[in-house]
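> Mind docking chain B on chain A? Use the hints.
Chains A and B supply the protein sequences, listed in that same order. Quick note on the working numbering: the first sequence kicks off at -16 and runs consecutively. Quick note on the working numbering: the second sequence kicks off at 97 and runs consecutively.
Heads up, a few of these hints could be off.
[Stated by the list, open to error] The list that follows gives simulated cross-link-like pairs (lysine to any residue, SDA-like), each with its CA atoms no further than 25 Å apart: (1) A/K251 <-> A/S208; (2) B/K136 <-> A/F6; (3) B/K101 <-> A/R232; (4) B/K159 <-> A/L204; (5) B/K170 <-> B/I295; (6) B/K136 <-> A/A4; (7) B/K147 <-> A/L(-9); (8) B/K339 <-> B/Q124; (9) B/K136 <-> A/V(-12); (10) A/K302 <-> A/I264.
Don't read these hints as lab results, they were simulated from the structure.
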Amino acid sequence: MQREVGTLPLAPALRARLAAAGFQTAQELLDTGPCGLSKEIGISREEALEALQVVRQECHGDAARTAGGSGATRKCTALELLEEEQTQGFIITFCSALDNILGGGVQLTKITEICGAPGVGKTQLCMQLAVDVQIPECFGGVAGEAVFIDTEGSFMVDRVVDIAAACVQHCHLIAEAQQEEDLRKALETFSLENILSHIYYFRCRDYTELLAQVYLLPEFLSEHSKVRLVVIDGIAFPFRHDFEDLSLRTRLLNGLAQQLIIIANDHKSAVVLTNQMTTRIGQSQSTLVPALGESWGHAATVRLIFHWDNSQRLATLYKSPSQKESTIAYHITSQGFRDVQPPAVTHSTEGTELNPRKRPRTEEEKQ
Amino acid sequence: MAAKKLRRAQLSQEMCERLSRYQITTCQDFLCLSLLELMKVTGQSYYEVQKLLCKVSRACAPKMQTAYEMKLRKSVNPSSAFLSTTLHSLDRVLHGGVPCGSLTEITSPPGCGKTQFCIMLSVLATLPVSMGGLDGAVIYIDTESAFSAERLIEMAANRFPAYFDSDEKLLCMSRSIHLYRELTCCCVLKRIMSLEEEIISKKVKLIIIDSVASVVRKEFDTKLQGNLAERSNFLTRGASVLKYLAEEFSIPV
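Here chain B stands alone, though its shape is the one from the complex:
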């Protein structure tokens, strides 16, 4: 939205040409200037500039929705609001399970079972909706190479023996879990940025990143100068993209 070109904000052609002479081509550049600068750059009077500001703001402002509309939308599809973890006390505490449409973070000391939990969630996500799953594919970004496919099959067969009664079902399930091994920060970031198209094409219903901390700690030593800012930059950029994906597609991350 910020990179929207001014041409599409319904400004007149000559105005856009004039602004591009000052290197102002996107809504972001336009809104970052103060009123006096805008007057100088557009050559318009004060009132005209205010009207232009309103026009450009309208082009990139978010849409309004009341809380009631949001609730109605959620209640239309109650089962899709959460991914149940099948651990009843955990589901109760989480108000239904892992919420769809927002980021959930799992932290613990090493060896507690985070990767096992993630593997189990991947199995659950591939189950049909009638069994409490999301009936979709899973994207698993693995930075520690800790994902074991054999363990996945073992879990699925033992947990849901009635459903995974044939080898074919197991194969089908493992086919819908897409594993990406990324070992550096910028690879992870690039992968996150490219996820949007994959989600649509593969009908993904769950994104797991295991784990964010390991790759960040390996690369950024916070005792060195300047690394702290870069690290937080990387983390916040990744976080905002993931939040956008979670909200846009209403899937848990």
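So that you can see chain A by itself, here it is in the shape it has in the complex:
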């Protein structure tokens, strides 16, 4: 109640007038009442009433926060966070080596950035993840939907059809091997049409549309509460050409990063971004580094860099808060993103390749 007038979310002109009239705290405003306020600072009664309602709402929000209310608070103990993290799902990539170095897969509530040269497989991985996020929970997935924001136009529906068909077939094989009722029931809803209808696709042609879409994303996500993955394919493309003012670019990117972090946390979804590579010309040699500059490097929590080594594709975990830096090789087959070594053909190991959490079940079966 002792909140200063200058910190209230009122229009600046109104704030200036209140300060000129000598009002200092919110309590004074509430005591004066709308009629008194309108006479003192010379605004209409309706405007005064509106302002008072805003003030009252703010003060109620403050009171609830200080009383330890829920919802607006973002603090909790580390133990609660640990429990949350352990029960949190991962979105698997079908490449067990990549899942291993990521600690289980793409983590929810975190921003993952994939950088790489053109043609190395970033969009392929994004399409794979958009299918994998929909795997039902009994197969080790998170049973969510996906939002795909495309700025480069490299989304090919036919390719997604191939990847989804391979994923469905994989789950069918597991269900047959395990012979359990709930697996088979889950498979009924996990069909090609369902997978495709739960990938929400937006095509943004320049950075204005991208900004607008990210502003509207929280509303969209609250309508479609099952979304667990937001992919922005090509965050660098709209910002790399036609931008003379680099400080504006940095500011817009930072704002974008902030909003994405809020979206990831509030809706418990994973955010995956793909970035391009640029050449940094040093004194004697030039190196390939992720594009968009140094300050953008702080936006993502986890950073993967895809690169070539002769004709082998490699993925390096460049930045991660919980896993150590390592490099693995991967393959892109007609079925999607896969390991280099094909897994052993026996059914029990197929189950373990899908998700480490499945291991207890198959071991019990063997016993």
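Quick look at chain B alone, frame taken from chain A:
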């Protein structure tokens, strides 16, 4: 979409006038400002500004479509998804041929046959759909002056002798291939920008640019300062316009 005036974003008249005093007239200017700046400029409270942001964003945000709708749309017209190159192994590797609606790049050392391939594709595009073509006109932007009309006629007559049996058919085919000779970068860019109207008026079904690299390498020497940025600017701007044209009209480029 970015240059959309705020007037059309359904903001009130007085708000638009107020914003134009600060030189904010398009959605792009509006969305580039931070929340505090917007509050100062519009003179509204925090919650009001958020509502305004939502309104403006809705005006220029893209439409949502599910992947399923996209697939249905494609499967309605399966033949129009690819332009077959009539080289069977190439078509197999490309999953049907040159894809419609996206950019395809052909690169090779000199003398391998890129221009010949482009000429053949132009012939194929003018063929009727029943023969695997796109039944439309072709826009050929030539920067090396390597296009030879005689070679075009020779190819068409020898490849499809049954179809091009009369001179008239050959003439008709060559009439639907529009050739533009551009020799500098900014001419190429200007030509690409003006293509939208031509595509609609001439019912164009294929755009070929032969070749992008030659004109860029002639003009921009990357050893000079600042040229690298200009060159990439030119290339990305051209690329985004071409991508837009390819997607909008569902034609191969």
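> Now tell me if each hint is right for this structure.
Okay, the hints, checked on the actual structure:
A hinted pair counts as satisfied when its Cα atoms are at most 25 Å apart, and A/K251 with A/S208 qualifies at roughly 10 Å. Annotation: proposed proximity of B/K136 to A/F6 holds, straight-line Cα distance about 21 Å (limit 25 Å). Using a Cα cut-off of 25 Å, the hinted pair B/K101 and A/R232 holds, with the two alpha carbons roughly 22 Å apart. Under the criterion of a C-alpha separation no larger than 25 Å, the hint pairing B/K159 with A/L204 is consistent with the structure, at around 15 Å.
The suggested pairing of B/K170 with B/I295 holds, with an alpha-carbon distance near 21 Å, which does not exceed 25 Å. Between the alpha carbons of B/K136 and A/A4 the distance comes to roughly 20 Å, so the proposed pair stays at or under 25 Å and holds. The hinted pair formed by B/K147 and A/L(-9) meets the criterion: a straight-line CA distance of about 18 Å does not exceed 25 Å. For a cut-off of 25 Å, the pair hint linking B/K339 to B/Q124 stands: about 21 Å separates their Cα positions.
A distance of roughly 16 Å separates the Cα atoms of B/K136 and A/V(-12); the hinted pair therefore holds under the 25 Å criterion. Between A/K302 and A/I264, the direct Cα distance comes to roughly 22 Å. Compliance with the 25 Å bound is thereby established for this hinted pair.
Of the hints listed earlier, there is not a single one the structure fails to meet.
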